[in-house]
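*Asks:* Sequences listed follow chains H and Z, in order. With my numbering applied, the first sequence closes on residue 277, and no number is skipped along the way. With my numbering applied, the second sequence closes on residue 580, and no number is skipped along the way.
Everything labelled a hint here was simulated from the structure, so no lab data went into it. As the structure is a prediction and not an experimental result, all values here were calculated from the model. Be a bit skeptical, because a hint or two may be false.
[Claimed, not checked] Facing chain Z, a subset of chain H residues (Cβ under 8 Å, in silico):
| no. | residue |
| --- | --- |
| 1 | P153 |
| 2 | V154 |
| 3 | L156 |
| 4 | S158 |
| 5 | A164 |
| 6 | I172 |
| 7 | V176 |
| 8 | V178 |
| 9 | E179 |
| 10 | A199 |
| 11 | T203 |
| 12 | R205 |
| 13 | E216 |
| 14 | G217 |
| 15 | F250 |
For every residue, glycine included, the Cβ atom is placed at its ideal position computed from N, Cα and C.
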Amino acid sequence: MRSQLSGAPVTLLSVTGQSAKLRGKFDITDSVHVECEIGGELNVGGQLVIGEHGAVNATVRTVDAIIHGVYEGDMVATGTIEISITGKVTGNVETDSLVIAKGGFFNGTVTKKTHAAATAPEYVPTERVAISF
Amino acid sequence: MAFEMFEGPKTTTATGVTLLSVQGAAAKLEGKFEISDSIQIECEIGGEMTIGGKLLIGQNGIVRADVHTVDAVIMGQYDGHLVASGEVEIAATGRVTGNIETDSLVIAKGGFFNGNVVKIRETAHSESTRTEPAPRVLSMLDDRRLAAGR
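In isolation and in its complexed conformation, chain Z is listed as follows (with noise of 0.2 Å):
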């Protein structure tokens, strides 16, 4: 069900060109990776991922890396340090250690999360509280333009 999550979005950039493919019964990557949109992992990796779209760790993937993505579904391994700007999922067979910051997690039943969580936004509020009741107001007023507008 979740690779179809993941091929959804995939289809639908134009641009979503295969620019690395790695084949076979086993790889182990170490280092840093800077990806501008997603990477589905069914293998070793270690280091530092910045990704600008949607990580993928597939049911054999097991990743030890600090990792600053958008969105995130878990359904292998992971340990580290997960920044996520938008939703971060485990899978029922997702295994996770560390640290996730993020807006939105979701632990499938009988995935496994040992570690703490630190909301974004929050951290955001207590630096600079004016932005936070901002977004609301705007959406409620461009509801109301639409409605008039109608």
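Next up, chain H with everything else stripped away, as it sits in the complex (with noise of 0.2 Å):
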């Protein structure tokens, strides 16, 4: 999202072959598109696009999530998260918004971030507590 204000996005890294496999920690101000394996953990500020040969195993933070290959993980999202028809998912999946396209698989457990934010207040009956004494 700041490269679009700063004009084209620039390309900061780029993997060309057949095959690459990467693990470890990867922070990405803004995009990143996957066609290969990746492992461990990834921070995106933009948006992740698993291409249909990506396999991601790793704990995401992103805003969105675009899903065509194989992502099996923990996964949060403060924006939208798509699995297309070719995207299966496997894990756990925080976010607002899933739209998960007829023939998208996906296994695993769904939480509303709002929701999670609307049964935070559970404090209430604890201060009615302290109250009595």
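Starting from the two chains in their separate frames, assemble the complex, guided by the hints.
*Replies:* Structure follows, in structure tokens:
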């Protein structure tokens, strides 16, 4: 998103070839397009796109995610998660907006972010206990 | 210029698909990378890298990693231990600190290098002396055979 202000997005990293396997901690301010194997931890400030050949086995924090490939792990998205026809997702997803296309595969739990916030002020009864002192 | 050099072999390989592309203002990657072909870096990378083709560190690239590669072109910053079975090129804007193991090192005017260079063939030579002169004789024979064939 920051790149939109400064003009055309700059390609910070590009991997070409037949296969690639990356493992570790990735902090990306904007977007990433994955067509290879990635494991570990991903922090994306924009959009994560897992292509048809992409396989991601990682803990992800992102704004938006589009999954055409395979994803396994825990994902927190402040924006929208989209699982396409070819997408296969296993794991826990935390988001306000989840779209699964017909044919898309999802196995796991979904937690609504705003729902979690709504259930948050359950401290009220304990406060009442404090008053009874 | 060096970008064109990178573009050249990429287009010749029919299977040169983009496997990963990161876009934006900044990115920091840390970990273990295994890449069959080539990688171009314009961000920060640390850890360990194994590359089957070419490592290209762009002007904005900062790499702090132990790297095993075939070829390397460094136009940015590199810090670590680099083993290249092919060629290593430090461009005018390149800054390299650490050890390099290669048979072919080119440092452009203005390029910065601080560290040791070890020739791979020399280390192989000390381990097994007989393999060293063999390739030359073979190539001469091949030339003669070719000449005789024509």
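*Asks:* Hints numbered earlier in the text: which of these fail when held up against the supplied structure?
*Replies:* 10, 11, 12, 13, 14, 15
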